[in-house]
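S.K.: So the chains spell out like this:
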Amino acid sequence: MATKKTIAIIGALEEKGREVVQYLAKGDYHLLLFYKETEDPAQKQTDDSPEMEWISCPVEACWEADIVVLAIPSEEQREVVSGIKTVLTGKPVIDVSNEVNTVKELETSLPYSKIFSTLPHNIDTLIQQIIKT
Amino acid sequence: MHELLFQNINQRINLSPEEEEKLKTFFIPKKLRRRQYLLQEGEVCQYAAFVEKGLLRSYSIDKKGNEHIMQFAMENWWISDLYSFFSGEPSSYMIDALEDSELLLIKRDRYEELLKAIPSMERYFRLLLQNNLIATQRRLNDKLSLPAEELYRTMIETCDNIPQRIPQQMIASFLGITRETLSRIRKKMAAK
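Here the protein sequences line up with chains A and B, keeping their order. The C-terminal residue of the first sequence carries number 133 in my numbering, and the numbering is unbroken. The C-terminal residue of the second sequence carries number 325 in my numbering, and the numbering is unbroken.
Same shape as in the complex, but just chain B (with noise of 0.2 Å):
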């Protein structure tokens, strides 16, 4: 249940098997199911979610009512909303599954905690946090000055196999651009 997590901090920082078994003793195990919902718009976010299996996407909805993703999180993967999980203020966003999906969370107050039991683990924090930041300046960059084929590329590029796994308006919300665009854009480069 706590392979992957393991494996993924493993990759940052070293734990022995004594602070792996502490570890376990901060994370929830929760099962969400395609369509269930880990937080909806107006409630705090009280957890950071490790994806051990599944998918899962951030959104908000505009007064038009369209889709806005702003991230997607596979296996591997960590979803929050990251303001409000640390601020303690209602979210704009809502997270919800788009695969029957195998969590691991942490509650805000237990993160804390385990910070100061394992304190190595401040250090795996902090470079996924540096990590996030990297990744959302760049995707701000990208949607500035990219055009939206580009746009496209990249996702592919950068987004493993969440395109294959996800239906096309999503693909769309995601990179800000219409259906019809992200359409021909797709066409445009099976034809190259």
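Looking at chain A on its own, in the form it has when it is part of the complex (with noise of 0.2 Å):
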């Protein structure tokens, strides 16, 4: 029996963010979701699954997450990370913005990270292979 990974999706209401949350909830793991805390409530629909849920704080999502999804506009990213940064030492970090930009300045702002970047299609597959290594 595997131990099930804790997935946050930080950007889950962004276009890829949504695509992302699709595709995972396929999958076997607890999503933790995070959206900006001013968003409406009634949007943050989660069928009421046990293994998807939305987290009010992106520290609090990212410190109990195995792996991290980014899916925010690059505009944010820069705020968003330096927010979160503490708690993302050693762990894989998933850009599905698809700009060779945004990943260049992950690398640099989170060194002691893992940085990937894939579509959201593909979601699914890196993690499995983050998982096997």
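Just so you know, these hints were derived from the structure itself, not from any lab. All residues carry an ideal CB built from backbone N, CA and C; glycine is no exception. One should not assume that every hint holds.
Below 27 Å or equal to it, Euclidean Cα-Cα: the simulated DSSO-like pairs (lysine-lysine) are [stated by the list, open to error]:
| # | chain 1 | residue 1 | chain 2 | residue 2 |
| --- | --- | --- | --- | --- |
| 1 | A | Lys-5 | B | Lys-186 |
| 2 | A | Lys-104 | B | Lys-157 |
| 3 | B | Lys-157 | A | Lys-114 |
| 4 | B | Lys-240 | A | Lys-114 |
| 5 | A | Lys-85 | B | Lys-155 |
| 6 | A | Lys-114 | B | Lys-186 |
| 7 | A | Lys-85 | B | Lys-157 |
| 8 | A | Lys-5 | B | Lys-240 |
Taking CB as the label site, the calculated pair distances span [unchecked claim]:
| # | chain 1 | residue 1 | chain 2 | residue 2 | range |
| --- | --- | --- | --- | --- | --- |
| 9 | A | Glu-53 | B | Gln-302 | 26 to 34 Å |
| 10 | A | Thr-86 | B | Gln-302 | 32 to 40 Å |
| 11 | A | Gly-83 | B | Lys-196 | 47 to 55 Å |
| 12 | B | Tyr-216 | A | Thr-133 | 20 to 28 Å |
From the two separate chains plus the hints, produce the assembled complex.
M.R.: Printed below as a string of structure tokens:
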């Protein structure tokens, strides 16, 4: 029996965030979803799945997570990352923006995390590879 | 987040502020909720965990479904399956959280890198393993030679407040006695 991995998705209501949630919801993961604190809670539906829940603080979500997926617009990335940096040490961080500059910036701002980049439809495959290594 | 770990280390060796900063980069901060697993039987134990907050246990389950608790780990303690961690072989144990917990994890490969980066940590881990070996030998000897009442008394004396934080059945499982025997011992001790 394998220990279930916890995955935090930061920016879960962004376009790519929604796609990531959709793909990962089919897998055997515990998903912690975060979107801007100001967002209307009515949008945050999870079909009452015990394996998917909204977390009100990105630091708490990332602290609990084994793997973190960043689905935030590049202009917000710097501010969000500086807030969660301390709990990302040693953890795989996956960027789904598919922008070269974003990945480079993440590698600079998170030197003690492992940075990966992929598109939402490949997220499950990448996570399985990360878990195996 | 790392204060308790630094305290624990600095009781055994002296780290400079620069070494403390470097040390932080080797540990993965991880929160575990009550009943969540850090390790399950059959997996290779990837981590050694230092408990900053909370309580965990390691245990095995026999063919009849009985749990045998090997170790509890509360704040300021380490927990892992050392055999699996060092050999890379699948573990026979499970490690789960008995309370919501905050851990600092170190992976096997990062452990080796840490010893190279901060050589005095070699002494720290040697002292930990030495103490662990002594505690294991003592526990084995106690189990083979002491009556159940003495085993319980020793646990109360050596395990800080753990007995107050866990159900009676887990104390019995740790001591290798039945719940009924434990209940009899507690009644007898309370009557004295």
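S.K.: Do the beta carbons of Glu-53 (chain A) and Gln-302 (chain B) sit within 26 to 34 Å of each other?
M.R.: holds (30 Å)
S.K.: Taking only the CA atoms, is the gap from Lys-114 (chain A) to Lys-186 (chain B) under or equal to 27 Å?
M.R.: holds (26 Å)
S.K.: Going straight from one Cα to the other, do Lys-5 (chain A) and Lys-186 (chain B) come out at no more than 27 Å?
M.R.: Distance of about 21 Å is within 27 Å: holds.
S.K.: Does the beta carbon distance between Gly-83 (chain A) and Lys-196 (chain B) stay inside 47 to 55 Å, or does it fall outside?
M.R.: holds (49 Å)
S.K.: Take a quick look at whether Lys-157 (chain B) and Lys-114 (chain A) sit within 27 Å of each other, Cα to Cα.
M.R.: holds (16 Å)
S.K.: Starting from Lys-85 (chain A), check that the Cα of Lys-155 (chain B) is at most 27 Å away, please.
M.R.: holds (15 Å)
S.K.: Is Lys-104 (chain A) within 27 Å of Lys-157 (chain B), Cα to Cα?
M.R.: holds (23 Å)
S.K.: Run the distance test for Lys-85 (chain A) versus Lys-157 (chain B): straight-line Cα separation, threshold 27 Å.
M.R.: Holds - the C-alpha atoms of Lys-157 (chain B) and Lys-85 (chain A) are around 12 Å apart, at most 27 Å.
S.K.: Holds or violated: the 32 to 40 Å window for the beta-carbon distance between Thr-86 (chain A) and Gln-302 (chain B)?
M.R.: holds (38 Å)
S.K.: For the pair supplied as a hint, Lys-5 (chain A) and Lys-240 (chain B), confirm whether the alpha-carbon distance does not exceed 27 Å.
M.R.: holds (16 Å)
S.K.: Evaluate the given range 20 to 28 Å for the C-beta pair formed by Tyr-216 (chain B) and Thr-133 (chain A).
M.R.: holds (22 Å)
S.K.: Next pair to validate is Lys-240 (chain B) with Lys-114 (chain A); report whether the Cα-Cα distance is within 27 Å.
M.R.: Measuring from Cα to Cα gives roughly 14 Å; hence the hint holds.
Of the numbered hints given earlier, the model fails none.
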